[in-house]
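2 protein chains.
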Amino acid sequence: MTAYTEMGLEEIRELHSELEHKYSEYRALGLKLNMARGKPSPEQLELSLPMLDIINSTSELVSVDGTDCRNYGVLAGIPEARALIAEMVHARPEQVVVCGASSLNVMFDTISRAWSFGVGGHAPWSEQDEVTFLCPSPGYDRHFAICEHFGIKMLPIEMDEDGPDVFQIKELVKDPKVKGIWCVPQYSNPTGCSYSDAVVRALASLKPAAPDFRIFWDNAYIVHHLNDASENQDHVLNMLDECEKAGNPDMVFEFCSTSKVTFPGAGIAAFASSETNVAEALDAMKAQTIGFDKINQLRHVRFLKDAQGIAEHMSKHAALLRPRFEKVLEIFEEDLAGTGIGAWTHPQGGYFISFTGLEGTAKATVSKARMAGVTLTDAGATWPYHDDPHDADIRIAPSFPSVEELEQAARIFTVCARIAALEKIMLHS
Amino acid sequence: MTAYTEMGLEEIRELHSELEHKYSEYRALGLKLNMARGKPSPEQLELSLPMLDIINSTSELVSVDGTDCRNYGVLAGIPEARALIAEMVHARPEQVVVCGASSLNVMFDTISRAWSFGVGGHAPWSEQDEVTFLCPSPGYDRHFAICEHFGIKMLPIEMDEDGPDVFQIKELVKDPKVKGIWCVPQYSNPTGCSYSDAVVRALASLKPAAPDFRIFWDNAYIVHHLNDASENQDHVLNMLDECEKAGNPDMVFEFCSTSKVTFPGAGIAAFASSETNVAEALDAMKAQTIGFDKINQLRHVRFLKDAQGIAEHMSKHAALLRPRFEKVLEIFEEDLAGTGIGAWTHPQGGYFISFTGLEGTAKATVSKARMAGVTLTDAGATWPYHDDPHDADIRIAPSFPSVEELEQAARIFTVCARIAALEKIMLHS
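Note that the protein sequences, when read in sequence, are chains E and Y. Using our numbering, the first residue of the first sequence is number 6, and each one after it goes up by one. Using our numbering, the first residue of the second sequence is number 6, and each one after it goes up by one.
Just so you know, these hints were derived from the structure itself, not from any lab. Hints should not be assumed to be uniformly reliable.
Some chain Y residues near chain E, calculated using beta-carbon distances under 10 Å [what the hints assert, rightly or not]:
#1 R42
#2 R147
#3 V283
We put the beta carbon where it would ideally sit given N, CA and C, even for glycine.
For reference, chain E alone in the conformation it holds in the complex:
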């Protein structure tokens, strides 16, 4: 295939008209497809239905330490739930606090505590001059939304295939206003890339000017491989350990949940950090609640059992997700390879494919797709302040639709991306 940028104007016009024709045919179908959010499909949700039978009226609802899980208490989570999450994120149980159902809520609360009360005994962020966060971009829109909510200034950091640009980060943390960095280290949202050992170690060894600087390590996809263990799986280094080794034991706040293991919004979420940080968090949390849902913790422990149980369960998710990712990648390859108008990631896990189109085409592509009934994440959403400086990145979420729907949605997407690219090229020729 000739690269579009090397085509003559006549050829471009012809192709554009041909694609516009295809586009209007798709539009006429009146489809309603959604590739916007990282939602598990109904088939994935069915995998966890047996969990709802694990706890019933005849179950013994007592935790290993004798706690009646039906009653008040146990702020940090029941011991077996702390142990399960610890296994999942390779932490020690004492480093884990098991909270409610949403890791986003745990992250929000962590920022909120820092905002109102400070971190590590330092002044509340709300009382400090200006608070800045480093935001590897494209990144997770809801991380950025928390920062925007608190008026935390965000600086985008370039994302490479092995993680964020650590040279840039090392420079920026010399500014004491820089208090944090958002990281999705494994199967990053949205690029799907995983941080290399070198990047993890460089981050763990940062010497930030701010003593209350923290790495917000959102390990959302730590067990969310698309392939079996024998094949390609990414395994990012344990940041808790690396920070400890680098003499920065308190520098990381880790977050995770079972939202995409069992049920989104009805799973268990957790916070993992040094024991010092855990003690500080618990001390504040005791004013907030008496304890989180221990029955749901027990339900999860008895269903997932241990790391092996989680891995087996996740391979069932993978079996449902893999063909979806493959279908989208197959169509991208068929329709876009050689066109020179876009690149896309080939993740080994997580929930997203990231598409980078020609500069200045993302908004047009997303809007065109929407008019043909295909909802995509807003262009720009994966950048701080919704501002993609190149207007190029589009997040593709292939998990929810069926393979048949994805085939249509991906076809429509490539038509839209190609039309947007051709129009861009025409405009500049």
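Starting from the known structure of chain E, arrange chain Y on it as the hints suggest.
For chain Y alone, kept in the frame of chain E given last:
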């Protein structure tokens, strides 16, 4: 019985020695009894076990609006859960946001939002000169702990049998620093009193100087009657309505939960307020979470069904709680009536009996009881800053122990209270 204050010294000494003898006998038993926290008993928890069968792997987990409750979404709660809670607190469903499992957490978050972002478009409380809360006392220790955590100044307000002293409140809200008042309007914690219609209406018609003043209406015991509907039940006026009628529609934040209906820590909690306040809360909450546990919401709705279902379920709780309250009151009556050394409340609902001893005897009583194996709520805990100015109030929580245990615990309590009173009298004679 002769009032202790009217006894001669000799008589006092004799009685004291007799009670000390009894006390040492109790101590020798090496008991371990707890009347400290408002925890449901295991028998009460069993009442809700059938709820755990309501949702299983074969259940249709779809809400009335078609939402798949196993997946992400629906920040304000599924419609049927909002409707159930609305029925429970006599609100409109649009006035209700159903959150996670802990109403304490909802209250904390509400204060936290006010602290960081302000209320009703006004400046964040953290940026205002000083924030003061009015605290009807004795009151709920965890309310006061939230204020202490945020550095909110607390002013105790006198509690009468029909609620807090509204004359005092009317005066104090003329100060624009006064931003809130904590109320447990029905079967108050710990006195068990319920606010009269006059008190509710006076509060609803307050004209506070601070435009961001709010009544924190913790309706923790709204359906927690000890008697059947045909007998003595308190029914406090609907504060949402009263505020609306008084032209203060946005002045109340109401909270409730099913912690003492189904399972403490694994129930559903909610926020109810004007639609304006609900919209403001939801706007902030959308940065915090994608949504709360909808499966647990569905479980509760299908188990409790409606107001009638809640009432029937609560009457089973009442049947277990009533003999416990009666036993404690019976022993107080037997041991303390006529002694003139204490008064106690006779609540028609809720979780507590409040004992008011002679001035300067509460700490001594609690400490003496603890040495004999009876744990009580710390003296002073029910007052702001743990400072009971009269050192007189003790909160008695009769819900958790068995009737037999309560009999022993109450006997030990009255012995300790009498010894403390006699020692106080001797000291001053």
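Results for each hint:
1. R42: 7 Å, holds
2. R147: Since chain E brings a Cβ to about 8 Å from R147 (chain Y), closer than 10 Å, the hint holds.
3. V283: 18 Å, violated
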